[in-house]
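Protein chains in written order, with my numbering: chain H, 118 to 362; chain Y, 20 to 242.
Among the clues, some could well be false.
Each pair of labels, with its calculated beta carbon distance range [as the list claims (entries may be wrong)]:
| no. | chain 1 | residue 1 | chain 2 | residue 2 | range |
| --- | --- | --- | --- | --- | --- |
| 1 | H | D171 | Y | T231 | 34 to 40 Å |
| 2 | H | R316 | Y | V60 | 48 to 54 Å |
| 3 | H | D171 | Y | V68 | 29 to 35 Å |
| 4 | H | S127 | Y | P67 | 27 to 33 Å |
| 5 | H | D171 | Y | L79 | 28 to 34 Å |
| 6 | H | D184 | Y | G95 | 52 to 58 Å |
| 7 | H | T131 | Y | L96 | 53 to 59 Å |
| 8 | Y | V60 | H | D171 | 28 to 34 Å |
| 9 | H | A282 | Y | L34 | 58 to 64 Å |
| 10 | H | R140 | Y | S147 | 29 to 35 Å |
Anything over 12 Å on all C-beta distances counts as not near chain H; from chain Y, calculated [as the list claims (entries may be wrong)]:
| no. | residue |
| --- | --- |
| 11 | H28 |
| 12 | L31 |
| 13 | Q35 |
| 14 | I54 |
| 15 | L86 |
| 16 | S180 |
| 17 | I206 |
Derived DSBU-like pairs (lysine-lysine); straight-line CA-CA distance at most 30 Å [stated by the list, open to error]:
| no. | chain 1 | residue 1 | chain 2 | residue 2 |
| --- | --- | --- | --- | --- |
| 18 | H | K186 | H | K223 |
| 19 | H | K270 | H | K169 |
| 20 | H | K270 | Y | K154 |
| 21 | H | K169 | Y | K81 |
| 22 | H | K186 | Y | K154 |
| 23 | H | K223 | Y | K154 |
| 24 | H | K357 | H | K297 |
| 25 | Y | K81 | Y | K220 |
The set of hints was computed from the structure by calculation and includes no laboratory data.
The beta carbon of each residue, even a glycine, is placed where N, CA and C say it ideally should be.
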Amino acid sequence: MIEIEGVGKSFGQTKVLDGVNLRVAPGEVVSILGASGSGKSTLIRCINGLEKLDNGSISIDGFRVDDPKQLQQARRCSGTVFQLFHLYPHMTALQNITLAPVEVLKVPRREAEDAARELLASVGLSERAEAYPAQLSGGQRQRVGICRALAMKPRYLLLDEVTSALDPEMTAEVLDILAKLAAAGTTMLFVTHEIDFARQISSRIVFLEQGRLLADLPTAEFFAADGGLAHPRIAQFLSKMKKDH
Amino acid sequence: MRYTDFTVHDILLLLQGAGVSVALFAATTAIGLMIGLTWAVLRYYRTPVLAPFFAAMAELLKNSPVLVQLFLVFFGLPVLLETDITPVQAAVITLSGNTAAFIYVIAVSAIESIGREQLETARVFGLSRWQILRKVVAPQAAAFGLGPLTGLLVNQLQVTSLISVIGVLDLTKVGAILNLRTLKPFIVWTVVGLLYYLMAKLIATTCARLETRLRAHSQWKGL
């Protein structure tokens, strides 16, 4: 269980997160929607311990992210996929995936490489194991990024706008994989602008606006006229996104 | 045979001098690398007291003339410590310290060239600071720093010629001796200069090869 309680975060005068409460139980797929600058990415950065919280607390399976002594264990529970991939440019796809399992989990290198090859095969990249990030397309890089997160066998997958830097075709490649993961019961916290996709795979949808949670509803309810759409700001956001498509 | 003629032995003398220059260069580069990199790692760990202390030390060393440092070590240190110091010892101490200071600067900027997002990613995956340094920072910083390092090493090779003034029999000193005997400065200094050129070229070529290898990952090999 990821438990986020009363989390607040400011950068200078700007309140980025303001009293956010959210729980993600194992098996759930929770999508976070909201305009740019609404605090979605900051929320992910708080969950994996990259930002210090101003108020509130976050724990993952009982390990407090805001306690330096428990942070390391909390981080082991979750895996993060980043918007701009953030692959290590000097390592091959295979090395990118095996680095953390070998160094942190102390998995024998052979074993880690076998597991990494299996993961690469599952995303259709068996041929690219020895390629460096610079030699991969954006969609391929992000698929490697997903493998890298999965290689740590996380209980929760944090996805921070993982398709925002990709063209529609590559986006489809990546979403395909996420749909499979969701179908396989992977727990995901999914920050996205892909509303239609979020609607397909999510069990719940959360809407952030200026750092506050405006809605936290089961997917069907979120898109229902008397549910999320009853909220003027959400209705406005959704219709705007539709127009952009 | 007239006393001022060149002899076959002069070639040996020149090679011997070149050997002394190369040996001093190699030794002081090795020591300088160890010291400079240690200072940079202390800074990476933000070690209190030590990191700012060595930063100030590097600042002093790189902003004063090597010749002045050499005189300070060779003439000043024995007076202060009431010991004797040989020209070679003075040369090794001075050049090592000077090289260390510049390597520190190169290493610091190379480490800082690694994008913050990569460090954050490695942290999120649970890597320790030391693991991040070894696996993520060092390989990329090495590739980044090799260019400036090549420039520094070529320069430090030439700087070794300064030690001839305190009596070390390096290539420049041998040149001076031959010049006094033969009274043919144009020939002597041309040959000495060419020998330095060849050594510098060798350093630059070796470093360039190494750099190509370290940068293999950014070479485009097609999809």
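* Was I206 of chain Y rightly flagged as not at the interface, with every chain H Cβ beyond 12 Å? -> Fine: 49 Å to the nearest Cβ keeps I206 of chain Y off the interface.
* To do: Take a quick look at whether K169 of chain H and K81 of chain Y sit within 30 Å of each other, Cα to Cα.
  => Given pair K169 of chain H, K81 of chain Y is violated - Cα atoms ~39 Å apart, limit 30 Å.
* Asked: Taking only the CA atoms, is the gap from K270 of chain H to K169 of chain H under or equal to 30 Å?
  -> It holds: about 25 Å lies between the C-alpha atoms, which stays within 30 Å.
* Asked: Is the hinted range of 34 to 40 Å satisfied by the C-beta distance from D171 of chain H to T231 of chain Y?
  -> violated, 48 Å
* Taken at face value, is the distance from the CA of K154 of chain Y to the CA of K186 of chain H at most 30 Å? -> With a Cα-Cα distance of about 24 Å, the restraint between K186 of chain H and K154 of chain Y holds, given a limit of 30 Å.
* Asked: How does the Cβ-Cβ distance of V60 of chain Y and D171 of chain H compare with 28 to 34 Å: does it lie in that range?
  -> For V60 of chain Y and D171 of chain H the Cβ distance comes to about 33 Å; the hint holds.
* Restraint check for K186 of chain H with K223 of chain H, where alpha carbons must lie at most 30 Å apart -> holds, 20 Å
* **Non-interface claim for S180 of chain Y versus chain H (Cβ beyond 12 Å)** => holds, 37 Å
* Do R140 of chain H and S147 of chain Y keep their Cβ atoms within the hinted range of 29 to 35 Å? -> At 30 Å between Cβs, range holds.
* Could you check the hint for me, namely that D171 of chain H and L79 of chain Y are 28 to 34 Å apart, CB to CB? => violated, 42 Å
* Asked: Is the gap between the beta carbons of D171 of chain H and V68 of chain Y within 29 to 35 Å?
  -> Check passed, 31 Å falls within 29 to 35 Å.
* Asked: Q35 of chain Y clear of chain H by more than 12 Å, beta carbon to beta carbon?
  -> holds, 43 Å
The structure shown violates the earlier hints numbered 1, 5 and 21.
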